[in-house]
Amino acid sequence: MRIAQVAPLSESVPPKLYGGTERVVAYLCDELVRKGHDVTLFASGDSRTDATLVAPCPAALRLQGSRDTLEPHIAMLGAVANRATDFDVIHFHTQPLHFPLARQLTVPHVTTLHGRLDLPALESLFREFDDLPVVSISDAQRAPLRNADWIATVPHGLPPDLLSFHPEPGRYLAFLGRISPEKRVDRAIAIATACNQRLRIAAKVDDADRDYFNREIRPLLDNPLVEYIGEISEADKDAFLGGAIALLFPIDWPEPFGIVMIEALACGAPVVAFRGGSTPEVLDHGSTGFIVDTLEEAIQATRRVGLLDRRQCRATFERRFTVSRMTSEYVKVYHQAIARRRPLAIAAGED
13 MRIAQVAPLS ESVPPKLYGG TERVVAYLCD ELVRKGHDVT LFASGDSRTD ATLVAPCPAA
73 LRLQGSRDTL EPHIAMLGAV ANRATDFDVI HFHTQPLHFP LARQLTVPHV TTLHGRLDLP
133 ALESLFREFD DLPVVSISDA QRAPLRNADW IATVPHGLPP DLLSFHPEPG RYLAFLGRIS
193 PEKRVDRAIA IATACNQRLR IAAKVDDADR DYFNREIRPL LDNPLVEYIG EISEADKDAF
253 LGGAIALLFP IDWPEPFGIV MIEALACGAP VVAFRGGSTP EVLDHGSTGF IVDTLEEAIQ
313 ATRRVGLLDR RQCRATFERR FTVSRMTSEY VKVYHQAIAR RRPLAIAAGE D
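In the working numbering, the protein residues as written are 13 to 363.
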């Protein structure tokens, strides 16, 4: 199958530091190629891929400090449109910028929605574009947009050899991701403090969250139990997560998926997560972690997390969250998109 993958340009594929969407696209592209498909990736020029790379900009926009993000994306979508008939299916990861273009395409296409969907403006947007086939990354992600043209839910997956299993925990709790109001690193600090456990925080701070970080979080970092590391690379995650007693995931928003949870499971680290969005779909309560509703519940769960079997965490990852499983499900989605498109093409006289 000839498949185009269209990635955001803010990060390279895979990202050098933080970036869940681009990481998933990277794994998907390489696994599709491994399975024998002809894959073209539209992404920044510093991307590393087994697919054929088409680069509308030389490097990822975030790390080079570019403020002009719209123009490169428009150029990329123009390149996709010019080459659309070269492909059997086009897989977009760039919503909603490509929506008007996708509606005009005669080639089968699908869009994976990677972000939160509970924002007020999205309801009217998807009311207008309710004819575009979309994929969710968890069933919970769909809740705000029940009338979108959902054709599948495909949970994320990772290469099984990306992160190694660590059978023995270290002596700290871990927080990994992004510092923002919805990620609630302040809760993680409160949990660790109540449990008298060290907390290591590996997280980036976006410009949009800089004031929040300086005002709300920076004062909490004086806690002697807390070590703020900053943003870490993919290569650093294995030791960071594998050496943790557990990952704290104290979110305060409808998490679309939370790839860090399956990264932790791959390393054998259980997860203490607040209930929200996808967490009940990813974690098995009492087996691979604990799902809680209050800070007190989180503290009690963290005190008991050492009772969970790290081997079970890894086994669950290997059974449910590998890139092979994810890719096989996406291939089914591509065939579904092609099958949906064929009757339309016949009616329009294209076949």
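Hints may be right or wrong, so weigh each one.
[To be verified] Computed beta-carbon distance windows for the label pairs:
| no. | residue 1 | residue 2 | range |
| --- | --- | --- | --- |
| 1 | L82 | G298 | 33 to 41 Å |
| 2 | R46 | L307 | 31 to 39 Å |
| 3 | A91 | R230 | 38 to 46 Å |
| 4 | A351 | R315 | 46 to 54 Å |
| 5 | S299 | H347 | 29 to 37 Å |
| 6 | P179 | A351 | 32 to 40 Å |
What the hints contain is simulated information worked out from the structure, not anything from laboratory work.
Positions of the beta carbon are idealized from the N, C-alpha and C atoms, including for glycine.
Here is how each hint holds up against the structure:
Distance hint check: the CB atoms of L82 and G298 are about 47 Å apart, inconsistent with the given range 33 to 41 Å. Under the hint 31 to 39 Å, the C-beta atoms of R46 and L307, about 44 Å apart, miss the expected range. A beta carbon spacing of about 42 Å between A91 and R230 agrees with the range 38 to 46 Å that was offered as a hint. Evaluation of the 46 to 54 Å hint for A351 and R315 yields a pass: the beta carbon distance comes to about 52 Å.
The hinted window of 29 to 37 Å between S299 and H347 holds, with their beta carbons roughly 34 Å apart. Under the hint 32 to 40 Å, the C-beta atoms of P179 and A351, about 45 Å apart, miss the expected range.
The structure shown violates the earlier hints numbered 1, 2, 6.
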